[in-house]
Amino acid sequence: MGSRNPQVDFYNPETREALGQAFDATWLVLQARDPFRDFGRESELKTTLSLKLTALAADGVTDPSFESGRLRASR
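In our numbering, the protein residues as written are 244 to 318.
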C-alpha cells in the first residue's frame, strides 16, 4: 500500500548540496555569535533556518555563500 502523500523532491542534488552548505555555514555563525546557547536543543531555530533557505532556493538563489550571507544580514 502506497503513501497517500508521497514526498515530492523539488530540488536537484546540486541545489540540495547548496542548501546544506548554506545551512551549515549559517549555523556556525549563529553558534559563534552566542557561544553559551544550547544549540543542540534549538529545533525551532533549525526549522526556521531551513524554511528561510528553502524560500531563497525557491526564488532561484542557490549560491550557498550568498544564502548564508543574506540570512546573517537579515538577523
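By construction, these hints were calculated from the structure, which means they are not laboratory data.
Each residue gets a CB set at the ideal place from its N, CA and C atoms; glycine is no exception.
Certain hints may be false.
[What the hints assert, rightly or not] Label-pair ranges, simulated between beta-carbon atoms:
{"hint": "1", "residue 1": "254", "residue 2": "287", "range": "19 to 25 angstroms"}
{"hint": "2", "residue 1": "275", "residue 2": "255", "range": "26 to 32 angstroms"}
{"hint": "3", "residue 1": "291", "residue 2": "254", "range": "14 to 20 angstroms"}
{"hint": "4", "residue 1": "291", "residue 2": "260", "range": "33 to 39 angstroms"}
{"hint": "5", "residue 1": "258", "residue 2": "289", "range": "25 to 31 angstroms"}
{"hint": "6", "residue 1": "298", "residue 2": "257", "range": "16 to 22 angstroms"}
{"hint": "7", "residue 1": "287", "residue 2": "267", "range": "15 to 21 angstroms"}
{"hint": "8", "residue 1": "256", "residue 2": "279", "range": "19 to 25 angstroms"}
{"hint": "9", "residue 1": "255", "residue 2": "283", "range": "15 to 21 angstroms"}
{"hint": "10", "residue 1": "277", "residue 2": "303", "range": "16 to 22 angstroms"}
{"hint": "11", "residue 1": "303", "residue 2": "281", "range": "17 to 23 angstroms"}
Okay, the hints, checked on the actual structure:
no.: 1; hint: 254 with 287: 19 to 25 angstroms; verdict: 23 angstroms, holds
no.: 2; hint: 275 with 255: 26 to 32 angstroms; verdict: 31 angstroms, holds
no.: 3; hint: 291 with 254: 14 to 20 angstroms; verdict: 19 angstroms, holds
no.: 4; hint: 291 with 260: 33 to 39 angstroms; verdict: 21 angstroms, violated
no.: 5; hint: 258 with 289: 25 to 31 angstroms; verdict: 19 angstroms, violated
no.: 6; hint: 298 with 257: 16 to 22 angstroms; verdict: 18 angstroms, holds
no.: 7; hint: 287 with 267: 15 to 21 angstroms; verdict: 18 angstroms, holds
no.: 8; hint: 256 with 279: 19 to 25 angstroms; verdict: 37 angstroms, violated
no.: 9; hint: 255 with 283: 15 to 21 angstroms; verdict: 31 angstroms, violated
no.: 10; hint: 277 with 303: 16 to 22 angstroms; verdict: 31 angstroms, violated
no.: 11; hint: 303 with 281: 17 to 23 angstroms; verdict: 35 angstroms, violated
Comparing the model with each earlier hint shows violations of hints 4, 5, 8, 9, 10 and 11; every other hint is respected.
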